[in-house]
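Chemist: Starting from the given sequences, assemble the full structure and let the hints guide the process.
Chains as they are written, first to last, in this note's numbering: chain Y, 1 to 232; chain U, 1001 to 1214; chain P, 2001 to 2464.
Wrong hints could be hidden among the right ones.
Stated by the list, open to error - Derived CB-CB ranges, DEER-like:
id	chain 1	residue 1	chain 2	residue 2	range
1	Y	Gly113	P	Pro2453	31 to 39 Å
2	P	Glu2179	U	Ala1024	50 to 58 Å
3	P	Asp2045	Y	Leu184	33 to 41 Å
4	U	Gln1018	P	Asp2045	30 to 38 Å
5	U	Gln1018	Y	Arg120	57 to 65 Å
6	P	Arg2433	U	Ala1024	55 to 63 Å
The set of hints was computed from the structure by calculation and includes no laboratory data.
Note that the coordinates shown come from a computational prediction; the quantities given were computed from them, not determined experimentally.
Built from N, CA and C at the ideal position, the CB exists for glycine as well.
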Amino acid sequence: MRIGLFATCVADAMFPAAARATATLLERLGHQVVVPREQGCCGQMHINAGHPHDARALAQRFIRTYGEFDAVVSPSSSCVGAIRDLYPNVLGLEAEVLSRTLELSEFLVHRLGVEDVGARFPHRVTYHPTCHSLRVARVGDAPLRLLRSVRELELLELPQATECCGFGGTFSIKNAETSSAILLDKCAAVQRSGAEFCAALDGSCLLQIGGGLSRAGSAVRTIHLAEILVSR
Amino acid sequence: MSEARDQILARVRGAIAQTPRPAAAPRAYRRADPRGQAELIEQFCERVGDYRAEVQRVRADRVADAIRTAAQRHRAQRLAVAPGLPQRWTAGCGLQLVPDDGLAVRELDTLDGVISGASVAIAETGTIVLSGAPHEGRRLLSLVPDLHICVVEHQQVVGLLPQALERLHGAVSDERRPLTFISGPSATSDIELQRVEGVHGPRRLVVIVTQEPS
Amino acid sequence: MRAPGESFPAAAHHELANPQLRANLANATTTIRTKRARVVEELPDWQALRDAGSAIKADVMANLDTYLLEFEAALTAAGATVHWARDGAEACAVVAQVARAHGAQEVVKVKSLATDEIELNRSLAQEGIHALETDFAELILQLDGDWSSHILVPAIHRNRTEIRDLFRRTIAPGIESDEPAVLAEAARLHLRERFLEAKVGVSGANFGVARTGTLCVVESEGNGRMCTTLPPVLVTIIGIEKLVPTLADLEVFLQLLPRSATGERMNPYTSLWTGVSDGDGPQELHVVLLDNGRTRVLADEIGRQALHCIRCSACLNVCPVYSRTGGHAYGSVYPGPIGAILTPQLIGIENAPSLPFASSLCGACYEVCPVKIDIPRVLLHLRARAVDTVGGRGERSAMRAAAWVFARGSRLRAAQRLGRIAQRLLLSGGVIRRLPPPLSAWTRTRDLRPLAPRGFVEERGERE
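Modeler: Pasting the structure below:
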């Protein structure tokens, strides 16, 4: 398969290891991975912040850049959700590539039927299922299936796992105090899990949770799912 | 007609002028229940019990006994009865029965309880429905006294709420009778979401279910 | 309570500072969510019920004029008097006029959001008529001059000790225990005589059946039954969006509502009445059809689904924002996610522009909504309207500039390079601990992960 990798602006700049891991994983499975230089941002922030007109050009560029691939894979359910859901429903943009755009875990499990990618990660890990992975992209338990197949990984339950981390894009700035109050409970849950790593498949939520843990002086580190899956 | 009426209707029409007529609502939910009557009654009794109401299954010819023991258990002596309550349900029960022939509400307030029948009962939700028929009486009858003893007949129990509403359709649309759905005693969860039985309606509900058609 | 003109973030600031409130809310919302989940899982056809509920409501909105006329005709035929009210003042005037006509100094009230919305109690007080709240929680708030903070459990922010102390000061001077059962008994005693004396009852309605003119009130305590059957005169105020076409449609909503609301299979009492019944209940019935902004909501094709709401409050209980800030921060009788989309539409976006932003867009509200209101979708729609109406020029320019940068890979890469240079001054211990405003809002409570030394696309991007 010829796959277009959509790194997303957050992963590109702040979590390049996650994007790199995504490419490596797909190549190991025998696919051709292309990283278009012209990729930008999906426009979710603009739509969510009440500026859908500004998002239109971004969405159109995405459709142009990725239209020719057999599949588009991205290490972010939130951006994939925006592409599949907000482009048609808010911007009124339809294109075939939208339904071919998949988040990494759903691509592996649902599209390729792969759960064991041959990874080894000898650590205690808890998994935060991000809101958009559950309720917009609807990746189901694909990430957990992948994690359960990782050798020597001890998967620990995250209390109240499906609770939001409080990020919410510009919400984290405009309603910073509420966002922080929500985050405080998420960080406490992560601490209670007893994990060394808190994994998720959205850089934005990792930014929020990681920022909270770091400020609290916690030893728990955040990690993108793809980075675990690529470890050997 | 009033100016407000005309204006509201005009605003509504303006608002929906461009709206296409939506498709008919899908009705894929359950509207029939394949279970047998015995199983329905079993579930009905269990679910009434979940509301911390008392529930008792008796032979149809033992209703009066069951009423007497229930009343005694709650130390109720003087009880109002719906005007059309079948006499066989209370014959020889030894209680002081006050038929509702238009009792004043203050009089009703001094009584220890009330005995009524029902129109239909819903197994899945543990609900009894009264529809203001003579054996059920006026709405305030089952409201003001602190103890409500309700007799539900075997054949009145249905599985699901849609089936109950179907049975009651004529009572509302043709006769405009009021309906009261009762699921357990009056309750509130307003303080720290802790459920407390008994605020303004009867604090105690006794449901007597007959074991065979009567 | 959000002061007039106060934004959600400013109001939330006060509420978040109250640890007792946060503890009360966390306990309550967790309890009720668990109960709801249990009784919803029990039904094999829950999603089918949601689909039906959503479609029935869409049909009601699309044909609302027809249903309103049908409802009016059926009510009139059943002996009721129908009034139409364009706004709250007109609705309040009807109640005052009926009360005066019967010489009533006091009316007994069922808990009703519509009457809270139009501030009926305050309006009646100006006419010298006391509106007595008879719902337990509403009574508590009325005795204390407090405001509702939840659609269904208005005193969710108060605990038992606070309520006991209030009762001691007001209706039950000697009361010692703070057991909920004892407090409920005190309310029962306090209100019993008032029910028996009442000349006029006032209620809202959960549903109105267009075909038959039937009104429906769903409740728990029996105060609703008291108010709608004991007084000889009853005034029911119902929002025009509360109609359902036929009696059979109630079979959907009477399953969806109790399970979503209190997490019970069925609420203790549901009353249906059709006009006036001989010798049973009020012999004079007035029904007020209330617009008060609803037709304005109806005119917005995306926003109108907010009118589908059956006021179950499930969206409040699952909302990460509501469960931290409580209801007062929303400054409206409709708090939480549904309030964030309903209030700005009812009163005008320019009067509540911060409410659509009071959400992390987590989507939990949409998932639990029994009539499938796509709250996140409406939030986005209203955010855009807020930006268009009252948006600041600064934010607009910043967003436009960001879009310009984000649109091209080359610009984005250049911006990243600039960012990496700039962040050198801010880095400490591998993270950014302080940023200038407005980003200081982030770093006040959180560290910020820096831009990586080299971006991924820069590293291996290919020209297409």
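Chemist: Is the hinted range of 50 to 58 Å satisfied by the C-beta distance from glutamate 2179 (chain P) to alanine 1024 (chain U)?
Modeler: Since glutamate 2179 (chain P) and alanine 1024 (chain U) have Cβ atoms about 51 Å apart, the given range 50 to 58 Å holds.
Chemist: Do the beta carbons of arginine 2433 (chain P) and alanine 1024 (chain U) sit within 55 to 63 Å of each other?
Modeler: holds, 60 Å
Chemist: Is 30 to 38 Å right for how far apart the beta carbons of glutamine 1018 (chain U) and aspartate 2045 (chain P) are?
Modeler: Given about 34 Å between the Cβ atoms, the range holds.
Chemist: For the hint 31 to 39 Å, verify it against the beta carbon of glycine 113 (chain Y) and that of proline 2453 (chain P).
Modeler: Roughly 37 Å apart at Cβ, these two residues keep to the hinted range, so it holds.
Chemist: Could one say that the CB atoms of glutamine 1018 (chain U) and arginine 120 (chain Y) fall in the range 57 to 65 Å?
Modeler: Since glutamine 1018 (chain U) and arginine 120 (chain Y) have Cβ atoms about 60 Å apart, the given range 57 to 65 Å holds.
Chemist: Hint says 33 to 41 Å; check whether the CB-CB distance for aspartate 2045 (chain P) and leucine 184 (chain Y) agrees.
Modeler: This hint holds: roughly 39 Å between Cβ atoms.
Violated hints are absent here; each numbered hint is respected by the structure.
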